[in-house]
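Participant: For reference, the chains in residue letters:
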Amino acid sequence: MEYQNVTGRIYDIQGYAVHDGPGIRTTVYTKGCPLRCLWCHSPESQYHSLELGYLPVKCLGVDLCQNACVSACPNGAISAGEPVRALDGSGELRKAMIDRAKCTGCLKCTKACITKALYPSGRDTTVDEVYERLDKDRGFFKNGGGITISGGEAMAQFEFTLNLAKRLKDSGLHICLDTTGFAPTEEFKQILPYIDLFLYDIKHMDTLMHKKLTGVGNELILTNARFLAEHGGALQIRVPVIPKLTDKEDNLRATAAFCAELGEAVKLVQLLPYHATGRMKYDRLGWHYKLKNVEPPTEDFMNRILALFQSYGLSAQLY
Amino acid sequence: MENFDISISERILGLKAKRERINRDLHLNIERNRIITEYYKAHENEYPVLKRAGYLYAWCATREINIEDDDIFLGDAGPHCRTVHFDIEQTSQSWLRGCFGDTDERFRAAWQVPGSIWVDDEDRQWLLEAADYWEGKDIGATARGLFPPEFTENAGPVLKDLTGSYPGHFNPNYERAVTVGFGAVRQTAIEKLDEIRKHTTADNVRSELFYRGLIKVCDGMILMSKRYAEGCRKKAETATPDRRAELLKMADSCDWIVENPARNLWEGFQTIFFYQYLITADGTHWADSPGLIDSFLGPLLENDVNTGALTREQAQELCDAFLLHYGDQIIMFPKPDNDRLIEAHRNGKTMFDLQGGMQNIAAGSLITLGGQKTDGTGDYNLATEMLLLSYYRLRVAEPSLALRINKHTPDRIWEIGIACSKRSGGLPQFNNDDVIIQTMLDKGVPLEDARRYAVFGCVEPAISGKEWSMAANCGGFGGGSSLINILQYVIHGNVNPMMGTPGMLPCKKLYEYESFEELKAEFERQVRFYIDYGARLYHFAALVFDQAWPCLSASVMTEGCLESGKDVTWGGAKYNGMGSMLSAVATVGDSLMTIKKLCFDDKTVSARELYDALQANWEGHELLRQRILNEVPFYGNDNDEPDALVQWFTNLWADHFNSRPGVNHGTNNCGALDLYWVWGGKMTWATPDGRKTGDPLSPSSDPRQDAVKNGPLAYVKSVAKMPWDKMRCGGAINLRFDANSVRGEDATAKVRELIQSYFAMGGIQFHFTVADTAIMRAAQKNPQDYQDLIVRIAGFSAYFTHLPFDDQENYIARYEIGV
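One line per chain: the protein sequences are A and D, in this order.
Reminder that position 278 of the first sequence reads as 278 in this note's numbering, one-by-one numbering, no gaps.
Reminder that position 477 of the second sequence reads as 477 in this note's numbering, one-by-one numbering, no gaps.
Hints were generated in silico from the structure; no laboratory data involved.
All residues carry an ideal CB built from backbone N, CA and C; glycine is no exception.
Take these hints with a grain of salt, some might be off.
[Said to hold, decoys possible] Derived, one-sided and incomplete: chain A residues facing chain D with beta-carbon distance under 7 Å:
1. Asn5
2. Tyr16
3. Val18
4. Gly61
5. Leu64
6. Ile114
7. Thr115
8. Tyr119
9. Asp135
10. Lys136
11. Gly139
12. Tyr289
13. Lys290
14. Gln317
[Said to hold, decoys possible] Straight line, CA to CA, 20 Å or less: simulated EDC-like cross-link-like pairs of lysine to aspartate or glutamate:
15. Lys234/D <-> Glu208/D
16. Lys721/D <-> Asp124/A
17. Lys709/D <-> Asp99/A
18. Lys267/A <-> Asp283/A
19. Lys422/D <-> Asp71/D
20. Lys709/D <-> Glu249/A
21. Lys281/A <-> Glu20/D
22. Lys142/A <-> Asp746/D
23. Lys136/A <-> Asp738/D
24. Lys235/D <-> Glu448/D
25. Lys603/D <-> Asp738/D
26. Lys709/D <-> Asp135/A
27. Lys267/A <-> Asp746/D
28. Lys142/A <-> Asp411/D
29. Lys709/D <-> Glu159/A
30. Lys349/D <-> Glu622/D
31. Lys709/D <-> Asp206/A
32. Lys116/A <-> Glu622/D
33. Lys249/D <-> Asp203/D
34. Lys116/A <-> Asp411/D
35. Lys603/D <-> Glu622/D
36. Lys111/A <-> Glu631/D
37. Lys248/A <-> Glu186/A
38. Lys116/A <-> Asp99/A
39. Lys212/A <-> Glu159/A
40. Lys136/A <-> Asp640/D
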């Protein structure tokens, strides 16, 4: 089939992705996203380009590999750091140190690194290859589980996502698309027949606030939600509850009212409390985490929001 | 969210707290050893089965009748609550001399300080004298008298010394004890005896002695119950009015039970305890388990609740109390020497800390719940639910718990089971009826019996009350050899590089094989050889017991013995089995994969270089080691190449072992389980998978701790590829989740789906724990705040804070399923 060789860029495939839709799921994460949400917990997914990731704990010192990464770097961005104590107590070692200003992202060092402490933040693949990997998990999907295509923003690699969805649909798997909703309506129209359930984020109802928090306004997102609802799409709306940013009552009420307005198409609203687990991923990429001084919302507060959504006649849950 | 009742009664809380106190003030069971020693001394020439019966009767008739002031059930197998048992006839003599013949100062530091298992000066003296008496007369001596020299001289890897002990590892027929009683068994034995006497033949002459022994054991048991009745009445004289009424009611019951079938739930439980005491006094059986307990207690429980004899709360309290007391059976194994004890006490640790990382402290016992009736319908009742809830409520790590799963398993039982395992890691383990019953059929067991299997010990299924299954430990003689040691011979030219000792089959060294196929063929030759050797040894081990060490406590109830006139050790049980457990599956598989890929397929590393690196324990070869760890595809990632190697040698082991002639005309049953991979790793030289000398081996049939790179589903799929349909002796996948991956309203349903998916792929047993790395790190820092944290180690669960540091670290290193 012609679509099998369509290429795409992904950064991970995860089994038992139990928070990405109904049942047991395996999720493929595409790379690149048009949004820049301040609380983004997968920063490695934001850019389509491949960045250099670094897990210093895996580096056993450049003396062991005879400066493999240092000599592989054409830009002199990697050097030996100050000696630190080895984790196993076997002495001292000088770990690779990256000068991010000099790194051009050529990733030559990742090929040289034996312990894979240096790694590319994603990889290129084809629909066929991804399908074969996903298909291996079929045995776990008997009770409503299946595949979730997530990102980044999967719609940003439309050809790949569309063809992957087709391929999966052909083989009878249940497919969720986890999306920000920020893509041309025409493309949603095309992919709609292949998606069993859209995991659809509504981040803020005020477009100016939305732009401030995510970098883009919300008009297209709301339009697409309405389009999908009107054309037989099934939606599971996800509402991130970020203290001080999205958790004001008028915004939450407006969100609930919008979800209610979408009617039958909305199968469930999931309220997602902020958590800081993505923070360490920023360090691995050498980036700054912008959301300082934000604590997860209290359970009590989340329960009140849950009641609020339920008061609009919505099926809602905390997640 | 699961939300089951955890309002435990004051009385149960008190009993639980009392046990925690007693754990720091334990006593060794001297009483039992005095009674047997005196009896055996006075009756040296009595025929073994009569001698054993005589001892058991003497024990029933003269043991202390101990009734605790506050307990809901009566007695203990020893004179104290939670007495620690050991058997003096089980080759304990050198251990006894080592511990009690030590200097006064060291003896006191080991056995007479707070937290020790108390032995007073007089008992110490007696133990030393008894050791002299038993020298040359114990089980090991019988073994030395009959084992062929190949097992005793230069036995290489298999048999270091003959330390025989009773085998344990079976499901005694508690059902018959509770629902039929010793009176009816006694009556049948009398009739059988009369019949035989009329027509004595070469075939039945020994049976006459057996029946005489059996009758004596029944007499003893009935007597012991009546002595407890008497004890209750005596105690009632000085008790408070409430307790007096309770004691008098217990007295009436004790006059009735044991001899007659139990009439209500309390009597059912108490009968189980009395029988458990007998079994413990007979041979401190390791890992005897009460079988399908909910099945035969359910009608009693439901009747009590329906007639109003018990409220639901009272019935639940009885179940709670049963669970606490069933875990009171403690066996000293392995036997600690004074060095270890002194060191432990110095660090404020107890016997529990010494043993906690090794096995289930409650004598390895395991309760099986749920299942099927003989007609294939589901067997779940109110007792299933209440006993399961007792585990959920109490958060105790032992006795271990198995839940049978089939298409009839009610949703509520699934929900409580999963909720329970989330609270107490690995309790219950989930058992797949579909495959396990098929393994029973493959052994030749008829369907109606196969449906009545129960699990004992760690993971071992056997026909409840009908099978004498010497399980993995080969009657305490340590049979077989481990795959990893065989692989070491194949690599190092028939030398174990850790010990420097030769094996039994000369062979090439790693760099001398022409092809990977040649190396595989050599591995196969050695595996077959050592299985044959072990299977042969099993027959002699069985003969040791047949010869001089019968087991009447098992025979009195086990189906087949009463009927055939044969002790279990003579093959009297309806079914007989012998187990052998695979271990370090991933270490072996990944090592083979490394050799195959690097030395033969890719040829990027010469076999000589790998051999030298191994000999040097990787020193100077760290780069090669890193390449192996990062480049070679390992088992546990749903990668067909390494998984196929694992399939190859596990099938080889299972097929060959299962087809050897079994002891007592029974079957050989392969399984996959290891309790000692941390300890075993300390005994194992560097392996080709990049493991360094002394580092832990891989746990049982799970992937090695750091090799899971494709996530949990790939992990589960790899393990599911093992030939579980041949693993008649059980074997589990053991997963660890973080709390995030099991949160949310549908989490229970998703865990259930995962279990069902694994079962549909052919897996037989599923164990899981929810424990975040961060929580365990916190528990290491502040153990007092995490006393309830229970994790699944292997076929048993343990309190995390009681584990030795190495085992804690190894558990933390296990793959964590996080989302």
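Participant: Tell me the hint numbers this structure goes against, listed in increasing order.
Facilitator: Failing hints, ascending: 1, 4, 8, 9, 12, 13, 15, 16, 17, 18, 19, 20, 21, 23, 24, 25, 29, 30, 31, 33, 34, 37 and 39.
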